[in-house]
Amino acid sequence: MVNKIGDLLGYGTVWFYEDGIANILSLNNVKKKYWVTYDSTAYDCFEEHKVDGTKCVFKPSKKGLFYSSVNNDIALVTTVENNTNKYTVREYSYAKKARELQNIIGRPSKQDLINYVDKNLIPNCPVTRKDILRAEDIFRPGIRKEKPHILPRNT
Amino acid sequence: MNDKARIPDNWILLDSQSTVDVFKNKKLLKVSMMQKGSVPTL
Numbered sequence: 001m002v003n004k005i006g007d008l009l010g011y012g013t014v015w016f017y018e019d020g021i022a023n024i025l026s027l028n029n030v031k032k033k034y035w036v037t038y039d040s041t042a043y044d045c046f047e048e049h050k051v052d053g054t055k056c057v058f059k060p061s062k063k064g065l066f067y068s069s070v071n072n073d074i075a076l077v078t079t080v081e082n083n084t085n086k087y088t089v090r091e092y093s094y095a096k097k098a099r100e101l102q103n104i105i106g107r108p109s110k111q112d113l114i115n116y117v118d119k120n121l122i123p124n125c126p127v128t129r130k131d132i133l134r135a136e137d138i139f140r141p142g143i144r145k146e147k148p149h150i151l152p153r154n155t
Numbered sequence: 001m002n003d004k005a006r007i008p009d010n011w012i013l014l015d016s017q018s019t020v021d022v023f024k025n026k027k028l029l030k031v032s033m034m035q036k037g038s039v040p041t042l
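First to last, the sequence lines map onto chains B and E. Take 1 as the starting number for the first sequence in my numbering and just add one per residue. Take 1 as the starting number for the second sequence in my numbering and just add one per residue.
In short, the hints are calculated from the structure, not lab data. You can trust all of the hints, since none of them are fake.
Capping the alpha-carbon separation at 30 Å, the derived lysine-lysine pairs in DSS-like fashion look like this: (1) Lys-50(B) - Lys-26(E); (2) Lys-27(E) - Lys-31(B); (3) Lys-32(B) - Lys-55(B); (4) Lys-63(B) - Lys-33(B); (5) Lys-62(B) - Lys-27(E); (6) Lys-55(B) - Lys-97(B); (7) Lys-26(E) - Lys-130(B); (8) Lys-27(E) - Lys-59(B); (9) Lys-30(E) - Lys-4(B); (10) Lys-4(B) - Lys-33(B); (11) Lys-30(E) - Lys-55(B); (12) Lys-30(E) - Lys-50(B); (13) Lys-110(B) - Lys-96(B); (14) Lys-62(B) - Lys-31(B); (15) Lys-62(B) - Lys-32(B); (16) Lys-31(B) - Lys-63(B).
Across the chosen pairs, the derived CB separations fall in these ranges: (17) Leu-9(B) - Pro-8(E): 13 to 23 Å; (18) Lys-27(E) - Ser-109(B): 23 to 33 Å; (19) Lys-63(B) - Thr-19(E): 16 to 26 Å; (20) Lys-55(B) - Lys-27(E): 16 to 26 Å; (21) Cys-125(B) - Pro-8(E): 37 to 47 Å; (22) Thr-37(B) - Lys-27(E): 20 to 30 Å; (23) Asn-120(B) - Thr-19(E): 32 to 42 Å; (24) Pro-8(E) - Ile-122(B): 44 to 54 Å; (25) Asp-112(B) - Pro-8(E): 39 to 49 Å; (26) Pro-8(E) - Asp-39(B): 20 to 30 Å; (27) Thr-19(E) - Asp-112(B): 36 to 46 Å.
All values reported here derive from a predicted model rather than from experimental measurement. Glycine residues also receive a C-beta, built at the ideal position from the N, C-alpha and C atoms.
All chains, please: the whole structure from these sequences, using the hints.
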């Protein structure tokens, strides 16, 4: 039974199965996230176009498997953080939402964000204090912006 | 299976017939975690 997931940087959540035969991306899933092109008369490669203009190329192996080698793609590869094994997918998913929310509203500190949530200052807020704490545990602490210096109004 | 026939761990295959994304190489993933009692929906 496959019951583990992982996060592929730049792509999203994938299933993790150590005894599998290969790392596999479903074309059907990839095309939901990226513009994918293929022209057998040109390069004979699947090209996954990203919004920043870069692309990931899947070229055919000698036996006809379309693959992308991540040997030199350091940006794609990061180490596994084993301390996240204790969370369920739902907890992880909401921790991601908490981190996304933190980024959207200007990256306040963890404590500030908890205060906003506890005081219900964010309308229809999907996350709770626990999600924020899990996000802090799973992901490294986000880069914080300095608190803005608020000038007194001239009256 | 012959070791020479194995698909390299650093390859990511693009599969037109697969309905799920499945990885075997932990080093390619940022985070791994356990989901209790679930299997991927095919």
